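Residues per chain are reported as follows:
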Amino acid sequence: MNAFSGFVIKEFKQIYRDRRTLLVLFGMPVIMVLLFGFAIRNEVSSARIAVLDHSKDEVTRSIIQQIAASGSFELAGYVTSYDEIEPLFRKGAIKEVVVFEANFERNLTRDGTANIQIITDATDPNLANLLQAYTSRIIQDYTTSLNQEEQIQQKAGIRPAVRMMYNPELRSVNLFVPGLIAVILMLISTLMTSISITREKEMGNMEILLVSPLKPYHIIIGKVLPYLVLSVVNVISILILADLVFGVPFEGSYILFFLQAMLFIVTALSLGVFISTVANNQQTAMMISLAGLLLPTVLLSGFIFPVASMPEVLQWISHVIPAKWFLIIVRDIMLKGSGLAFLWEETLILMGITLFFIGLSLKKFNVRLQ
Amino acid sequence: MRTIRFLLQKEFLQIFRNKAMLPILFVMPVVQLLVLSFAATYQLKEVDFALIDMDQSTYSRQLIAKFQASGYFIAGYETFSKEQALEELDKGNVKMVLHIPADLQRDMIAGRPAEVQLSIDAVDGSTAGLIQSYSTSIIRDFDREKSGELQWVSGSREAEQAKVINIIPVNWYNPDLDYITYMVPGILVVLVSMIGLFLSGMNIVREQEIGTIEQLNVTPIKKHQLIIGKLIPFWVIGMVDLVIGLALARYGFHIPFLGSLVTILIVAGIYLIVVQAIGLFISTVTHTQQQAMFIAWFIMVVFILMGGLFTPVESMPVWAQNLTAANPVAYFISIMRMVLLKGAGWPEIQTMVAVLTGMGIIFLIVSINRYSKTSA
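Sequences listed follow chains A and B, in order. Read in order, the letters of the first sequence correspond to residues 0 to 369 in numbering that gives the first Met the number 0. Read in order, the letters of the second sequence correspond to residues 0 to 375 in numbering that gives the first Met the number 0.
Quick caveat, the hints were computed from the structure, so don't treat them as lab data. Accuracy of the hints is not assured; some may be wrong.
As the list claims (entries may be wrong) - Ranges of calculated distance between the beta carbons of each label pair, as one might list FRET restraints:
no.	chain 1	residue 1	chain 2	residue 2	range
1	B	I179	A	E73	41 to 47 Å
2	B	W345	A	L224	54 to 60 Å
3	B	V317	A	G336	33 to 39 Å
Remember, it's a predicted structure, so these values are computed and weren't measured experimentally. Beta carbons are placed, not taken as given, at the ideal position from N, Cα and C, and that holds for glycine.
Excised from the complex, chain A in its bound form (with noise of 0.2 Å):
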């Protein structure tokens, strides 16, 4: 026990010596949360578009300041013809063209109804759709006030009466927070652990370890605990950041939360030393674990594209990405204030991965070198 404890203190000493990595160990989840926190929404703001008005009467043109006024638009310019469009659209100056049909206003005056025709560089079918749903609100926004106006009763009907549970304003930040948690959980125990292993083999300290009377597990538990420490750090900064300063709420429980967190944080670390021993050194190891891991990570966990929308087989994938699960948690947690009871299936299922890898691991860690 003396010779362990003499290791780990060791360890802390080695990583916690280092000032520069510390400094970034701390300070990037820090700057990534603020970064995202502000600058990734949900909301389209100054998409450049274009008008093409064949009419050029009252009404377009109170229209068109009506859109370009929203604060989602920035008005870049008119065109005369559709033969502008194209190269506008190739350079990408423009995102979107609205175009008025000829004689718009006596259309809707005599005949009631008129035609908009809104054009879109769908090549981002993602900002293409909500282009088309922030002009179509603006424009029916003013079709409802011209009738109103005119004193027309609109008719009765049913409507739709929008609920937004658990999240009402859809803020981005609420649901971006979560899943940042996760990748960066995910990367900095994973790429460390792995790292730091690798790191012993290839400067050949690893045999001095190996002949001490040092346990395999000791040598592992030794070199994992430190990043676990500096991983819970992280958590509690992130949560702080966003509790104050984007004010994202926290309906859970704290402490099933910090007990789920560590559950993910030793299966990151467990999958960390499962990298160091199957790769030889640190570049393999890094590259297993940074390009290896990234983009599944972010994709797969539900991060950012909803796992429901993906094809049956990947949705299958998704099930052996631990941050998926991590993600469902948190989210559970944070917004809807779930309690074990309706997440232990997800704890259960992360266990298993834990248990896999430090299983394959244990199996896989030579004791001796060739």
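Position chain B relative to chain A; hints supplied.
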């Protein structure tokens, strides 16, 4: 020249001798491109909802049938208790509760306003937005159908006087709003950049950590020769990956190649130099591979998330949109998409290419200067 050749030989040997690295460099990107491109979609698939039908009328049944027939919604749970329905939502068994009030049919026929309640699980915000827009459009359609029928019956002409502006959406370049076409070029860029940045970011610092940099320092190799010798192998690897990826995009995903392939390759060449120069720069300011990797990872995540790959640049606040001016990944992603999907040529992309070139030169000069042969 001879010196560089020997250096190159050494670097290539080192890379290809490491059998564990080869699959990581060439197989992993291809697999990720194949798999992950399908993951990046916002299309709504079948959603389970809990149904509270207090009306039990012809109309309410027609509305429910309309929901089910849309192919997007399945009534997975039926109840008359609001609490039970909300509990299902809490548990995550359903994503939405559809609550049809009693007297829906009577109110509609009498011309009174009626309200259908939708409670959507917004823990996953993007799905919630999709569910909202699909379900409200179903309800609106239903409303329009019914009010048409009712007017015809009652002969009322009131509603007809209301003015309507028809909105006709047209989607250019990608009429089916297909995500794959949009995502494949972007994901390919990220994969190639990761390999370029991580490999070059680790390289010099690795020699430093192991101590072999001293051996290189005492040789007559010049600074720029060393840097060139370090860069070319990774550049070649990056280009090979890119070409494999492009072939996959063309023949596997059937992405339209509207623009010129040569343009793409030239820009890719410049872009890879930029990425590697950034990597080299990281390598010269750090002391261990661990530090270098963490910084490289951080930069990569920022570049990816703010580069317009997954979320449009237009959906960020203006100050963040301005930051993309310094983001090489954003430039290359947008060039790839413009050239491949819209057929843009030199006139459209030349400013971006110029900026990329500028970035490459600056980072190269800075990192060559920072690397000093005499430092301990």
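Consistency of the hints with the structure:
1. At about 30 Å, the CB distance of I179 of chain B to E73 of chain A disagrees with the hint of 41 to 47 Å.
2. The supplied range of 54 to 60 Å is met by W345 of chain B and L224 of chain A, whose beta-carbon atoms lie about 56 Å from each other.
3. Restraint check, V317 of chain B to G336 of chain A: a C-beta distance of roughly 35 Å satisfies the suggested window 33 to 39 Å.
Of the numbered hints given earlier, the model fails hint 1 alone.
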